[in-house]
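**Student:** One letter stands for each residue in the lines below.
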Amino acid sequence: MGSVSYLEAIRDDDPVLCFEDGNLWMTKGDVPDRDFVVPLGKAEVKRRGSDVTVFAIAGSVPQALAAAEQAAKEGISVEVIDPRTIKPLDTATVLESVHKTGRFIAVDPAHKSCSIASEIAATVAEEGFWDLKAPVRRVTTPDIHIPFASSMERGLYPTSQRIVEAIHQSMKA
Amino acid sequence: MAELLGRKTGVNKGKGGSMHLADFSVGSLGETSIVGSGLPVAAGAGLGAKMLKNGRVSLCFFGDGASNEGTFHESLNIAAIWKLPVIFLCENNGYAITTAATYSVAVKDIARRADGYGIPGEVVDGQDVLAVYDTVSVAVARARKGDGPSLVEAKTYRYMDHAKGLPPVNYRTAEEIAFWKKRDPIGLLREKLLCGVLASQADIEALERQVRREVDAAVAFARESPEPSPEDAFADVYATAIG
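Those protein sequence lines, which keep their order, are chains A and B. Start counting the first sequence at 1; every next residue gets the next number (our numbering). Start counting the second sequence at 1; every next residue gets the next number (our numbering).
Only chain B is shown next, with the shape it has when bound in the complex (with noise of 0.2 Å):
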């Protein structure tokens, strides 16, 4: 929270901000801004853990516009054809900003891309959150044995706008956000651990307290810290400080 509010507390000292976050101690290798750029970095984190046999698979997320990009193709046909730990996890929310996958991507499914690099291509209901776990993780098991990459579609949406600050523009129905709504991967996550008597309700509005409280305290923690001064844009840049 810190990080997005451009504080000097933050993981990256403000310099990532929200589009360029990176934490390697959990694995994360960065947020890229350019549509696309992130999935040739996931196929060269894959073949880095391949060169360095540790076991290490490669996550990447991106969207339905992404999957339209020169970036995804190439990416996808390198670590076929090298057998990369690599898992491209497509969260197809309908539209790239407003232009609507059924306008822009040529296939129904975007796992279907997935049979031009012979590579296995799942379509999973993004709103349900034990579904994702289990495809992803029949994908992770199929990298770590070393078969290589696999293409992961899920299916979700996004209830607000692409972000803040936009021009409104009519692209899509408030029933259908409605009808999205009514799916929303918490609430289905809520009511399956209380039918399948995992949880009770008492248990799920206890964490819900305590996910509020730490969510109140990053937010007051970010809002108290201090701003980065002008000479820190110096700092943590290059390994050894060039002029």
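Here chain A stands alone, though its shape is the one from the complex (with noise of 0.2 Å):
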């Protein structure tokens, strides 16, 4: 899951935001007893793969996480990518396992315009596009308003089912 850095974020220099998704408020993880720290600015790789990269941010890292699974069983080898800072953002990390599979998707539970996932996908079509074999793809929240209704609202945020598809349509490409 996206490991929250409170401990880094107040001995840092300089003021840092913190962005909960409410989707993993009720995730439940280890935590060491002793001190410890995630750095800001180091992505963690959660899944090694070699025929696709999959940038996963926040409440979509779980959803990544069990699309690599799908994909493994059909043979489809997926790198899951969890940045755990978004600025800075660990864009050497991302562009060195696009340089190996050759297929970039983002994830991000956010809104498709202005995304981080926008964010990354425009830098590895700037930084990263002679390794690429497929156009970069987008699983992100469709810009509509989120509705109240959870039989609605549910359908809208990246699942795996959506992210499985992504993958399908970046190794036909």
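Hints are computed from structural coordinates only; laboratory data are not their basis. Every residue, glycine too, gets a C-beta built ideally from N, C-alpha and C. Hints are not guaranteed to be accurate.
What the hints assert, rightly or not - Not everything, but these chain A residues come out facing chain B in the computed CB check (under 8 Å): (1) P62; (2) L65; (3) A66; (4) L89; (5) I144; (6) P147; (7) F148; (8) S151; (9) T159; (10) S160.
What the hints assert, rightly or not - Dumping the calculated DSSO-like pairs for lysine-lysine here, alpha-carbon to alpha-carbon at most 30 Å: (11) A:K73 with A:K172; (12) A:K100 with A:K46; (13) A:K112 with B:K108; (14) B:K8 with A:K112; (15) B:K182 with B:K108; (16) A:K42 with A:K87; (17) B:K13 with B:K108; (18) B:K155 with B:K145; (19) A:K28 with B:K164.
These two chains come separately, so use the hints to put the complex back together.
**Tutor:** Structure below.
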């Protein structure tokens, strides 16, 4: 899951904003007993793979891992990268992965326009273009208001199903 | 009720829920979930009514907590200088979630804040339905005459917590809750109707049965109604669909 980095944020000399994804609030995970920090600006490769790079932030990380698991059953090797911080953003780790896989999908629970997915997709297009074997793809929340009824709301956020579809499209290209 | 349950048959087809419900057909411009954000909208509706000269009056509900927000002061000021037909009705239930108004509000009566904007500020017993009606009626008449806005503070209470699922916090006494329950607005009105021979016990019981039937029917209708489908999220949001 997108590891929260409050200690590092407090110790940093600059103001740091931490964003929580409400869809992760009920998630449980292990925390070391010792003092531990998640470095700002260093991405974590959550899963190693060689066919497609899936960049995922916040609540879309577990969805991306589930999609990678699903794709693995079909023989597609997916690399999942969680940047953990979006500014500074570890573009070096992303570009290195794209250099290896040649395929890039950005997953982000934010609305599509002006999302971090859009930002990293632009960076990959600018700086990793010659590594690409397929167009970059984004899996985001569509540009629409979030409705109250969960039957409508649930389908708007990036799901593992939608990420799998994007992986298939990327592999076809 | 169907809207509260997020059903396709709700007034906003499940998009609004309890916190963003709107129904223009009955003059409801909509709720907003941000504390204090309804007041500027009410001032805008008042400006619209004044420009259109349609005789409509804008009535805005908010709480003691909202009266500490900047929007409260900005809205009262602009409504006052433009003499907008607006009634700002503060339901002061003594607590902003768990924070006591006695702690967070700098004045004893929120109604006194009207003095800072040169408009009438009335305190009314919020448990007394007829007193609220009378006080608001005076404010409506003033607004319709073009004399501008009023602030009404209804002193009231909520028996339950602010919302379901909040961690239990000990912020008020059982005696205080019991005191207010004895002054329940429905019970007080029932007594008043019976004393004033405006209604018999049988009339009131018949009315209560009828209301119970209506509420039960609304709940049953809501429960039986279908949920919206994911693609419905894109309908009725923009006048012209945008990609």
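**Student:** Does each hint fit the structure? Answer for all of them.
**Tutor:** Hints, verified against the model:
Hint status for P62 of chain A relative to chain B: violated, with the closest Cβ pair at about 20 Å, above 8 Å. The beta carbon of L65 of chain A comes no nearer than 23 Å to any beta carbon in chain B, farther than 8 Å, and the hint placing it at the interface is violated. Interface restraint check for A66 of chain A: the shortest CB-CB distance to chain B comes to about 19 Å, outside 8 Å, so the restraint is violated. The closest approach between the C-beta of L89 of chain A and any C-beta of chain B is roughly 27 Å, which is over the 8 Å cut-off, so the hint fails.
The closest approach between the C-beta of I144 of chain A and any C-beta of chain B is roughly 6 Å, which is under the 8 Å cut-off, so the hint is satisfied. Interface restraint check for P147 of chain A: the shortest CB-CB distance to chain B comes to about 4 Å, inside 8 Å, so the restraint holds. Using the Cβ-Cβ criterion of 8 Å, the hint placing F148 of chain A at the interface with chain B is satisfied: the shortest such distance is roughly 3 Å. Contact between S151 of chain A and chain B, as hinted, is supported at the beta carbon level, the nearest pair being about 4 Å apart and thus within 8 Å.
The beta carbon of T159 of chain A is not positioned within 8 Å of any beta carbon in chain B (closest approach about 10 Å), and the interface hint is therefore violated. A least Cβ separation of about 15 Å between S160 of chain A and chain B goes past the 8 Å threshold, and the interface hint is therefore violated. Only pairs whose Cα atoms come within 30 Å are accepted, and K73 of chain A paired with K172 of chain A is accepted, the gap being roughly 17 Å. Proposed proximity of K100 of chain A and K46 of chain A is supported: the alpha carbons are some 16 Å apart, at most 30 Å.
Of the pairs offered as hints, the one joining K112 of chain A and K108 of chain B is violated, with about 48 Å between alpha carbons and a cut-off of 30 Å exceeded. At most 30 Å may separate the alpha-carbon atoms for a hinted pair to count; K8 of chain B and K112 of chain A meet this at roughly 26 Å. This hinted pair checks out: K182 of chain B and K108 of chain B have alpha carbons roughly 23 Å apart, not beyond 30 Å. Restraint check: the Cα-Cα separation between K42 of chain A and K87 of chain A comes to about 10 Å, which is no more than 30 Å; the hinted pair holds.
Between K13 of chain B and K108 of chain B the alpha-carbon distance is near 42 Å, which puts this suggested pair outside the 30 Å criterion. For the given pair, K155 of chain B sits about 27 Å from K145 of chain B by alpha-carbon distance, which is consistent with the 30 Å threshold. Restraint check for K28 of chain A and K164 of chain B: satisfied, since their Cα atoms lie roughly 23 Å apart, inside the 30 Å limit.
Going down the numbered hints, you'll see the structure goes against 1, 2, 3, 4, 9, 10, 13 and 17, while the others check out.
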